[in-house]
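Trainee: Sequence:
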Amino acid sequence: MRFKTHHEAGRKCVLLYVGDHDPAGLLISDVIKSNLMDCANVKGVDFDPSPIRVERIGLTREQIDDLGLPWIENLETGSGKDLGDPGHPYHRKPYVQNYIASQGRRKVEANALVRDLRGSRALVEAAINRYIPASWPAEHEARLAPHRQAARDAFAALIAVRS
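Throughout the sequence shown, residue numbering follows the numbering used here, covering 1 to 163 in sequence.
None of these hints come from the bench; they were simulated from the model. Keep in mind it's a predicted model, so treat the numbers as computed, not measured. Check the hints yourself; a few may be wrong.
[Claimed, not checked] Label pairs and their calculated CB-CB ranges:
1. 77 to 15: 22 to 30 Å
2. 48 to 87: 38 to 46 Å
3. 77 to 46: 31 to 39 Å
4. 70 to 48: 16 to 24 Å
[Unchecked claim] Only pairs whose alpha carbons sit at most 27 Å apart, straight line, appear in this in silico DSS-like list of lysine-lysine:
5. 43 to 12
6. 33 to 12
7. 81 to 93
8. 4 to 43
9. 12 to 93
10. 43 to 33
11. 33 to 4
Quick reminder that beta carbons are idealized off the backbone N, C-alpha and C, glycines included.
The task is simple: from the sequences and hints, build the whole structure.
Mentor: So this is what it looks like as structure tokens:
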């Protein structure tokens with residue numbers, strides 16, 4: 001509903017995503033978009049999510065190197081099976097083979113970002129600032145200030161009348 005409200009108000013809707021650097025993690029942004037599209041068919045939703053842009057902002061190989069994030073020397077999945085094992089049912093899938101060819105049988109989990117909070121914050125802020133200027137929060141506060149003061153004054157007047 002949040003995306004629908006903002007889209008109807010004429011805003012560009014972007015969902016920023018940080019995911020694991022592993023075969024499945026690199027594909028999840030496509031899955032997120034597909035899941036959003038599936039929601040369009042839910043009774044009562046009444047919203048076409050196709051204008052929503054899903055942007056994967058991390059983890060990239062460059063970010064891993066820049067932030068000094070640790071590699072895990074396996075491709076074990078949440079089910080405990082290793083995609084690097086030729087006996088794994090997905091091992092021969094092109095996305096797995098392409099990943100192994102370029103990255104090896106290793107991965108980096110997105111939660112490794114906690115090792116460098118400043119760098120991680122900079123990564124996320126840079127992505128946000130591609131869509132919302134860094135000056136926006138202060139400008140927004142300045143626009144709201146008179147309305148907040150008017151609300152305070154109105155409440156004070158109501159309290160004074162009741163006293």
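Trainee: Each hint should be assessed against the structure and marked as holding or not.
Mentor: So, going through the hints one by one against the coordinates:
no., hint, in the structure
1, 77 to 15: 22 to 30 Å, "holds (24 Å)"
2, 48 to 87: 38 to 46 Å, "holds (42 Å)"
3, 77 to 46: 31 to 39 Å, "holds (36 Å)"
4, 70 to 48: 16 to 24 Å, "violated (41 Å)"
5, 43 to 12, "holds (24 Å)"
6, 33 to 12, "holds (15 Å)"
7, 81 to 93, "holds (15 Å)"
8, 4 to 43, "holds (15 Å)"
9, 12 to 93, "violated (35 Å)"
10, 43 to 33, "holds (19 Å)"
11, 33 to 4, "holds (15 Å)"
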